[in-house]
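Sequence lines, in order, name chains A and B. In terms of the numbering used here, the numbers along the first sequence are unbroken and rise by one, the last being 268. In terms of the numbering used here, the numbers along the second sequence are unbroken and rise by one, the last being 1099.
Think of the hints as simulated: they come from the structure by calculation, not from any bench. Hints should not be assumed to be uniformly reliable.
Stated by the list, open to error - Here are the simulated SDA-like pairs of lysine to any residue, each with C-alpha atoms no more than 20 Å apart in a straight line: (1) B:K1007 with A:V174; (2) A:K176 with B:A1004; (3) B:K1007 with B:L1056; (4) A:K176 with B:A1008.
Stated by the list, open to error - Distance windows between CB atoms, simulated: (5) A:R30 with B:G1071: 34 to 42 Å; (6) A:R255 with B:N1057: 42 to 50 Å; (7) A:E210 with B:L1043: 39 to 47 Å; (8) A:E210 with B:N1057: 31 to 39 Å; (9) A:R170 with B:S1091: 31 to 39 Å; (10) B:P1009 with A:R30: 36 to 44 Å.
What the hints assert, rightly or not - Derived list of chain A stretches under chain B, where covered just means 3 residues or more per stretch with a C-beta under 8 Å from a C-beta of chain B: (11) 110-121; (12) 139-153; (13) 228-240; (14) 248-261.
Built from N, CA and C at the ideal position, the CB exists for glycine as well.
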Amino acid sequence: METWRLIIDIPRRGAYNMAVDLAILHSLARRACPPTLRLYSWDTPAVTIGYFQRIEEEVREAECSREGVAVIRRVTGGGAVLHEHELTYSVFIPLSHRTAAQSIRESYGLLCAPIVDALQGLGLKAEFAPVNDVLVEGAKVSGSAQTRREGVLLQHGTLLIDVDTERMFRILNVAKEKSPDGPSAAPEGRVTSLRRLLGERVLATGFASELAGRLARAFADRLGCVFGEGGLNGREEEEAVRIENGLFGLEAWNRDRSIRPISGGPGG
Amino acid sequence: MHTAVIKAPGEKLLRVSIDMADGLVQGVRLTGDFFVHPEEAVLRIEEALRGVRPELNTVRDRLREAVDSGGIQLIGLSIESIARGTVEAASGCDAEKQP
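Hey, can you work out the whole structure from these sequences and the hints?
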């Protein structure tokens, strides 16, 4: 069975978290690392917006600066997320792998399945809702976004542990048109969290690592691999800093879609 | 500049922002929580609409050609929605010009 790398990261700031994901993508593109699952979190609240979104349309910037919330544009499409108390994952798979051989739509299903499994292991009736969401009792508890570049599939997403909906809707500008396709509902009812579903025990020390363990096992089962726990290699660490300073930390990238993401470049 | 907001069933939110000059589309920006693969190709879609007359069939044909020839995949987004949004935003520009 193939051995993949599992990185259980410490909480990081927003721009650095996004930079690490791109650095690992480059690393795998050079075949300088094995396929990787990274599990991470956020040391301060941050907003990420989708590649095709505009800060002015999605975020109340005055609220963000008042509360010290950084806003970062992702290399992946999808919607704006306030990252606060959550488990975030990113998975990196060569396009030659059978998971990536599926269409993008199908691979969302394959890669959201471990999230569903992990939630079901906690006794929750979780279901995948195409294109990219996982729902429990009709409300979203996890959203994911995928890109394919440089021969690598990157999918990252969030699993909400606790959500301050009041804060979320103060910071994010949720369009009134973005009602669900079914009967309309208040935006607050469309998002849920493990705290709401499982109670206060999710806030206890140790729950986040229990959740990370469940998610990693579910990924290993679904992807047919075993994980060897590891960290970033030296070049990935250097590149993450370079990408944070040269891309995700810059207004130019975060506000202007004509800026191209830094590519991995040859060699390694 | 005028923006149309489109939320088609089963699709993501799409905003089509349009500048018009002399009855032709001058510039287009597509924003929203949809997916375009490869991501950078959204610029080619926007470019394809430059100079087009904002009529549904014409816009649709331009879009289809850009998407097909570029091997571009749209997820949570459709040619139909972009076309509808373009026409709607363009008519919004016209309405803004009225005294």
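Status of each hint after checking the structure:
no., hint, in the structure
1, B:K1007 with A:V174, "holds (13 Å)"
2, A:K176 with B:A1004, "holds (13 Å)"
3, B:K1007 with B:L1056, "holds (17 Å)"
4, A:K176 with B:A1008, "holds (14 Å)"
5, A:R30 with B:G1071: 34 to 42 Å, "violated (25 Å)"
6, A:R255 with B:N1057: 42 to 50 Å, "violated (35 Å)"
7, A:E210 with B:L1043: 39 to 47 Å, "holds (44 Å)"
8, A:E210 with B:N1057: 31 to 39 Å, "violated (57 Å)"
9, A:R170 with B:S1091: 31 to 39 Å, "holds (34 Å)"
10, B:P1009 with A:R30: 36 to 44 Å, "holds (42 Å)"
11, 110-121, "violated (count 0)"
12, 139-153, "holds (count 5)"
13, 228-240, "violated (count 0)"
14, 248-261, "holds (count 3)"
Hints 5, 6, 8, 11 and 13, counting from the list given before, are not met by this structure.
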